[in-house]
Every structure is written in C-alpha cells, then in structure tokens.
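Residue numbers (UniProt numbering), protein chains in the order written: chain A, 1 to 394; chain B, 1 to 209.
Hints in this document: simulated from the structure, not taken from any laboratory. Among these hints, one or two may not hold up.
[As the list claims (entries may be wrong)] DSSO-like, lysine-lysine: derived pairs with alpha carbons at most 27 Å apart:
hint	chain 1	residue 1	chain 2	residue 2
1	A	K86	B	K61
2	B	K206	A	K57
3	A	K17	A	K5
4	A	K57	B	K61
5	B	K138	A	K86
6	B	K138	A	K75
7	A	K147	B	K194
8	B	K138	A	K174
Each chain is listed here by its residues.
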Amino acid sequence: LISKKKSLATAAQLLLKGAEKLSKSVAENQENRRQRDFNAELLRLRSQWKLRKVGDKILGDLSYRSAGTQPWHVKLEAAQNVLLCKEIFAQLSREAVQIKSQIPHIVVKNQIISQPFPGQIADDDIRVQQLSSVVMPHPASAPFGHKRLRLAGPMAYDKAEISNLQQSEGLLEKIIKQAKHIFLRSRTARTIDSLASRIEDPQIQAHWSNINDVYESSVKVLITSHGYEQICKSIQLQLNIGVEQIRVVHRDGRVITLSHQEQELQDFLLSQMSQHQVHAVQQLAKVMGWHVLSFSNHVGLGPVESIGNASAITVASPNGEYAISVRNGPESGCKVLVQFPRNQIKDLPKSDVVQDTKWNQLRGPHKEVNWSKMEGRNFVYKMELLMAALTPCL
Amino acid sequence: MEAPPVTVMPITSGTINMMEYLLQGSVLDSALESLLHRLRGLCDNMEPETFTDHELVFLLKGQQGNPFILRARRSLSHPTAPWHLRYLGQPEVGDKSRHALVRNCVDVAASHSLPDFLNEMGFRMDHEFVTSGHIFRKGAMKVVVCNVSRVLVPGNTENTERMSLSHLVELSVLAPAGQDTMSEDMRSFAEQLKPLIHLEKIDPSKQRH
C-alpha cells in the first residue's frame, strides 16, 4: 500500500513539474509578445515623427505628445496627393501642347479637354499614377535628355537603332487612345442593342468576349431566325473594335473595315440582315428538297437601295412545277413571287409559237405573294409554309 | 556622277540653335549643407546626384584676335558615358533688364577619341580642371553645385588641388532661340534661394584680369 502511495506521489510530482514548466513557458510567451508589440508600436510611432522648421534648421519631434493625431496624417496624405496630381497634370498639359493631333487639345485651368472624336466633349480630370523618371546627365554639363539617345552620335547609330530608342507615346496619348476605344465600344454596343430591340426578324445576337485589351475588344455577332438557328447560320461576324476603327471578319472570310461612325455599322448590319433572309431561303431549300436555280447577294436589277444591295434567289420545287423567287433589300423589304405551271393559269394568253400541249407542263408567269398576309411568325417560317404548300404530297 | 546639292544657308531650326540661359553664384563650403538641403526641397523629387567631371578647354588660334574655344568634358564617375563637346558663344547683348545671361550654345556628344580628334584638327589644350558636386533639376532648369580643382600634372586627374574654399553654383536652362520665357522662371527660382546664395548674371568677358 505504502509503495503504491509512494509511486503515486512520484507520478503526481512529475505531472506537477511538467504543468509548472508548461505554465511558465506560456507566461514567458505572453510576456515576449507583449514586449514585441511594444517594440512594434514604438517603431510605428517613430515613423510618424513630426517635422518643424525653426529658422534655417529643421527639428524633428519624436515625442509621443502627438501620438495618435489621425487628422494631421490625413491632411499630409491629401497634400501629397495634390502635389502628385499637380505634377501629373503639368506633364499632361505639356504633352497636350506638344503632341500633334487633328483636333487640338484645350488646356484650361485644371482641365484638359480633348475631343477623341469630332462632335464629342470629354472632360478629363486626371487621377492616373505616373512617375517621371529622368536620368541626370553625366558629365553634368550635358543637356537633359534620353541617356541612350546621347550615344547615338558617338556610336554612329543607324536609323533603325534610333527609332528603337524613341519613346513610344506619352501619357496623354495613351489616355486618349483608351478613351477612344471605350467610346467606340460603347457606341458599337448601343448600335447592336438598338437594332436588336427594333428588329425582330431576323434576330441579332451579340456575344462579347471577356478577354479584352485596353485598346481592343471583340464581339461575335450572329444573325439568326428564331426556330431555324441550326439551319440558317450563314451570317456570323467577328467584330474587332479598335481605337478608331472596327474590323469585321465575315464567316466567308471577307474582312471589312468600318470607321467609327455609328451609321456605318448600322447600315452594315442592316445589309447583313437582309442578306441573311436570302441565305436562309437557300439553306431551307436544301432541307426541303428544293433546287436553287439562281442566287445573288448583290442583284443589279430593280430599285436601287440606299443601304447596301438587294439579294435575290430563285428556287424550284422538287418536281419542278413551281418556283419561288425572293428579292430582299435592306430598305425595300422582301418581295416573293411564285411561278405556276402554265396549265394552272386561267386566261393564259394564247401564243402562236407555243402551241403544243406538252408546253403546258412548264412553269409560266409569276404571281406575287401577299407576304404580310402569310401565316408564320417570321420570314423563314412563312417560307417553309409556302414551300410545303407548293410541294404536293403523294 | 554629280555631287548632291549642298544647302548654302545655315541650319537655324531644330535643336541645333539653342541658347543657354545662365545665372551663377558661389557659396562658402561652410554654407554648402544648408544650400543642398534647400535645393533638395525645392527641386524635383529625385535622389540628388553627385558627379565628378574632367573638363579640358581647347583653343584654336586663328589669324584674328579672339581664339575659338571648345570645351570637352568627360565624366570620371561614369567612365563609359560619352564625352560632351560644347561651344559657347558670346553673351547676347540684349536689353539690360533680362535677368539671365544668354548665349548661343551647341552641345554634341562625342566618343572617347575626342581629345585626339581636336588635336588633329589643330586645337590645343589651354587648361583643364576637375569639378565635382551635385546636380539638381527643376523642370527644364538645371542647378549644379560644384567645387573646382586644378589639375597639377597634365592628364593626371588623381592629383588635384581645390581652387578655393567655396562651391560654384550655376542655374542654367537650354532653350531654342526665340523663347524668352525662361529668364522669369529662373529669376523667381533664384529669389527662393536667397539669402543663402545670390545668383546673378556674370558676364565672362568682364572677368578677365
């Protein structure tokens, strides 16, 4: 029993010792942390020492009298920001005067007014970070300037080497370029959106790319007919919006450059929408078994369109009895004519030349379809119905 | 083959016809620190740079009285930097109210064979000196604070002797001919340095003893 007691006592002592040691080390840690915090605080405070100018000496105040003067700090930061902004603005004004541009920049008081495109006002209040880094000349008597450019003479640089050294563009030019791009992009979006909301048939879809550059964005424009997206997908346009121009890459490989004028893009899209309708008829004919007799994106007949050109297509039914001719223009709208076989026309004018009855199987005169009265929610649907009506089921 | 036509008229536009606007003064070495301190505050926010340069003054004696002077200067602290050749014309005798000294200035960077080249052209070195100090910048204005030491043995820039116990301070601007707006800015800047230093226009022709 006694030995048990003794052994328990030793075990207890060991545990107590261990606990003591642990508690000691925890206490030490806490003490250290406090000490470190104090030093960190002290360091932070010392970084905020006040400077005072007395006569021609500058005194530093390290005391803790002013510890925690937050508003003073804020004021100092604001003052530094003002100085930086002033310096940046001075740089930009200098550039505004120096750089040649078609539309002169106006520097008035604390604004630089630059018109990216004619007919627009953009007030640029600059908040951009830029630090001028200038290298001092060695020897000291040399003029300020690009250090490497000074070597051009002694090292006999040729034209290519010198043009590599030239600074590309100043800050103002960069800002103007970015602004131009942003304007162009928002105008393009606005044009596409207004067309999409105004015109229901065909539909215009815009898929904007997430990955852009400061000077370039891209959007994929699809012109589709509702319900026939898989069949009629000829018109797919990739628009690359730059700084001053829009480059359009057509699905068929054509590359077209549009200016920054909104009207140009709108007219272009309208003409593409008109072409889409005729392309849709072509695709539909393939599916329905109709034969394409002729097809033209830019017909030279009929009234002249003010926007783009009219397109036209003629398709014949599977057994050749009927033919449908479509002419669609951006301004003139669509005109659909159906050609009937001669034996279905009443009051066919008698002809001296065509006398044999076998000629009555051929197609004869055209009759216009009252398209607005046709059933169907969109052009392609109506066309499908018309084709179906003219294809006799056996 | 015909020689290409050569323009007879001298080139007066571009950066070839520059004028140097200059104000000079001096401070005793004891007042140097305060001056540097004030310049650090007034001038553009950059680390002030020190420099050590070696300047050789070349003369070309012609038949007429005044010899033609060219100044060739190289950096001792940046030995690989190109030499700088400078021609300074006579001070422009304009209106007396102009605050700075104005003279024609042509600056050319040259390779390290410059002294040999000048010797071959017929120039002879008149004197040389070593100058070292600080260079500051405020916009287009350059402020150089330096001491001047004479070279005791020609060609040996290690062995030099200070010429005086003061530093030379020069405030200069390079501007194309015709632009006269700089002298006002220089004057107001010089005002800010008073009373530490008085910068004024000193006509070099009046300095000859």
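Hint check:
1. Our distance criterion of 27 Å between C-alpha atoms is broken by K86(A) and K61(B), whose separation comes to about 51 Å.
2. As the CA atoms of K206(B) and K57(A) are separated by approximately 37 Å, the hinted pair breaks the 27 Å bound.
3. Distance restraint check for K17(A) and K5(A): the Cα-Cα separation of roughly 18 Å lies within the 27 Å cut-off, and the hinted pair is therefore satisfied.
4. With a CA separation close to 52 Å, the supplied pair K57(A) and K61(B) exceeds the 27 Å bound.
5. Pair hint K138(B) plus K86(A) holds up; C-alpha atoms about 14 Å apart against a cutoff of 27 Å.
6. The suggested pairing of K138(B) with K75(A) holds, with an alpha-carbon distance near 25 Å, which does not exceed 27 Å.
7. At most 27 Å may separate the alpha-carbon atoms for a hinted pair to count; K147(A) and K194(B) exceed this at roughly 33 Å.
8. Proposed proximity of K138(B) and K174(A) is supported: the alpha carbons are some 25 Å apart, at most 27 Å.
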